[in-house]
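A.B. asks: Construct all of the structure, not just a fragment, from the sequences and the given hints.
2 protein chains.
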Amino acid sequence: MKISVCQINSIVGDLKGNKQKIIDGYRKGVNDNVELVVFPELALIGYPPLDLIEKKEFRKAVMNAAEEIAKKTKNVGLLFGSITEDDDQVGTDVHNSALLCFDGKIQFIQNKTLIPNYDVFDEMRYFDSAKRVDVFKFKGEKLGISICEDIWNDSDYWCIRRYSNDPVNRLILGGATILINISASPYAYKKREDRREMLSVLTKGNEIPLLYVCYVGGQTELIFDGASMCFNKNGDLVKMGKFFEEDYFIFDTKINYPKIEIVERSFEEEIIDSITYGLREYCKKLNFKKVLIGLSGGIDSAIVTYFAVKALGKKNVNVIMMPSAYSSKGSILDAEKLVNSLGINSNVIPIQPLFDNALKNLEPIFNDTTPNIAEENLQARIRGLYLMAVSNKFNYLVLATGNKSELAMGYCTLYGDMSGGLAIIGDLYKSEIYHLAKYINKEKEIIPNEIITKAPSAELKENQKDQDTLPPYEFLDKVLKMYLEENKECKEIIEELGDDKDVCKILNIVDKNEYKRRQAAPSLRVSTKAFGYGRRFPVVQGWRKK
Amino acid sequence: MKISVCQINSIVGDLKGNKQKIIDGYRKGVNDNVELVVFPELALIGYPPLDLIEKKEFRKAVMNAAEEIAKKTKNVGLLFGSITEDDDQVGTDVHNSALLCFDGKIQFIQNKTLIPNYDVFDEMRYFDSAKRVDVFKFKGEKLGISICEDIWNDSDYWCIRRYSNDPVNRLILGGATILINISASPYAYKKREDRREMLSVLTKGNEIPLLYVCYVGGQTELIFDGASMCFNKNGDLVKMGKFFEEDYFIFDTKINYPKIEIVERSFEEEIIDSITYGLREYCKKLNFKKVLIGLSGGIDSAIVTYFAVKALGKKNVNVIMMPSAYSSKGSILDAEKLVNSLGINSNVIPIQPLFDNALKNLEPIFNDTTPNIAEENLQARIRGLYLMAVSNKFNYLVLATGNKSELAMGYCTLYGDMSGGLAIIGDLYKSEIYHLAKYINKEKEIIPNEIITKAPSAELKENQKDQDTLPPYEFLDKVLKMYLEENKECKEIIEELGDDKDVCKILNIVDKNEYKRRQAAPSLRVSTKAFGYGRRFPVVQGWRKK
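Chains as they are written, first to last, in the working numbering: chain H, 14 to 559; chain X, 14 to 559.
Hints are all accurate, no fakes.
Identical copies go unnamed one by one, so any copy, or any two together, can satisfy a pair.
Straight line, CA to CA, 30 Å or less: simulated DSSO-like cross-link-like pairs of lysine-lysine:
#1 85 to 255
#2 29 to 525
#3 69 to 297
#4 87 to 144
#5 474 to 373
Rather than coming from a laboratory, the hints here were simulated on the basis of the structure.
C.D. replies: Here is the structure:
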């Protein structure tokens, strides 16, 4: 069967725009003489639609749009993701569905069976599980249609399974001659390789060709990387969609394509592409033309600026340098050097005058107290104040510059350096940021080397260094990764890393700073466990209470 | 059977403290010669534990603590909520369980069958559903034990049911002679009446006495109001626990208690109690002794200050008045009057000096642009800056003063008046706040009348009034309530209220301001749908795109 794969970027809730994309893709397929045109999971609605699904009027509009799309079909099949309703009056009565249309009608509906409800997935909040799984005879083939998670439960591949039933196995037992999985699987570093390996094992073991049709685009913090994949019945990957952009291609199950040899991409290549894409998408979908960054001379704001230039072009990137009495000469020079190296617009506002003025006005309240965190945070908040003022004046999107290590440890100031609409490196550890910076400089010094080599500092008091307060980043990040991404606890981490006091102290600090993260900007998610709505910890809790 | 009801306030994750509470309650019951002592859902762990449940080390610590508790039991039964694990290697392998212990051991476990996964509930993320439901013979009775949601699916009471099975009905069919439901049901205005009515219908219809044992306490934004209830087999409420505090009482199924006649409490009484309790709990559990509020002379900050005094005592409430050139004389006088009426500590920091200084420093960037939202927000952010500085200096908790109408419309400044650790009136509409203020002044003018009668204003520019930007609050709040709490959409609201342009405009503004709410402080939840993690809307979306 000759099939068009339409790897589209839907906007959540934009039924008009998404409908048009589906109709356009279908027409293209018809022109290419294919027999079936396939779109991703929830292509008509966008993913994840969240509580929009709970609105009756929204669901009704979706049903109408789906009918309108179906009406446009003729002999060529059209398969796309949407929702459908049932009326058994139990559960949510809504399904995440694949709609197969031809001859002007929705002819077959396969609902999603396995409903993911972990990490960033909340689908059980919205969707009931399919009551039946059937193959569908179409143009001489038996289509075995499944949706995303449905295919992630193969008992040959997984040791521990999330679900007791395996809908794809039922399709295979039902005699499917082609497997089609429509998907919306958020990006995390290395996840694409997992998908490929798992799908290859599945097709090889069952000798059935497979189309895996992916969603692409940025959705606030989530990034969908595309990379739709087609496998022949030997489990060879023979077609693959573009990464981080829309794509359209044809897969014919009867053609003997050569196997695609995968060259693994490095962490740095992947992360640069994903973050650039996530930022560009956020700006595009919220209609921000320009961004604004507070440039300190440190590595975080430097790399955020680099990403912004890469995503939006240097004309659309503005920075403000806001030195204080505690800013080193080096920092100011380094920031200037970066501005020149990237060719971006910059302004300077020294914060001392406002800092002095604020302290003077606070004197009757502060009296003779010794300087503490209050004075430090005040400086960070003055910077936030200036950034937000310029943002409000010119409608620039402020990019928060915090990294994952800082957010974990609360080594950042609420309403200060945490200000911004999007934290583009908020899911990258400090040590990863150093690796990225070195990679970016591989051929040419773009980020001034001094920024990479000097000891990191918040520069909020005299001679301050991050390592006065925090353990060395290489160690800290190892602990954090084990805690956050591998979900290990004190004892397990100590067993593995052998440090006693620091580990427990670190975990305690991470937990205590949940209140800051509750008010943090969304972080672009590039790991398997980012801060934000995929990680839900209580603000008030006593787990580590002695 | 003579049973002790222990309505306790657990701290999430504080296994040591919670274990001790359970042991203490059990001892009390033993001293009172009861046959069974009952605690709420997840009493050992606290509710909601969120992703703590996903930690193996945490689960192990819970199992150990449960065993230790069981070892302390003798002949008297002990029933409390905790978790258990299974090993079928499908799903989460964790259950939300009721553990019945006696003679030194856990003798019977009933897992929760109906797993709520809507609004603020994410239990399917953590818990598998019970595989079986059984009554347990104990001291001549057949105990029918269920957990919270299990009892909310009675087909006689509900028209549309969330679940297809009814575990409590199975207990009844199994011959239960006493029904016991252990629960952790978050407060919302009027919900207690719903519980009572539903439980009364259930017991009356089945002629079985019922104990409904409730969790009490504040859990960040969630408030648990206690009010455990016991019904005789005629469906009469005969025992009831205290509201908003821990309680202990005995219910003997063999005694003919008189029916409790319920006097419905007013909206104002309920809200004042719930918010005062939620604030007190937050401070107690996070160890904040004192709070700080920016007092503007408007009604929101006035009522927040009133609540703070009620919750923590006047000695622990500090306010800062931060007038600007746009502050009316009235506002300053009204604020001072409130300070005197409540007898609290106050300071004054006029914001003009810092505002002028900031504008001067921004001049090279702002050039000759006309004043816009930037200058308005800058003032709000200067106030936030001062509040946070004093907060950091003295470890005061800043209370955000935003109300639900403002948060809905984004009529508030990120990092400005939205600053704070907890938004105590963030789930109350502006019109509700006026009702509360009038109620508070019923006997004595506590909140100066001028604050209630003058037109609301943000006072961020000359002669500004809320109603220049927003529709009248009475209308706005009606629309918001239908949109947020009743989940109605444009068409339905217009049909009911008859306003055409404003309704759609309002919903559009609400949607667009999702990005602000993502960074808002947690709001104490007192309605059936509060902003925060019970309402999940995409930041980037195009549902209303034309």
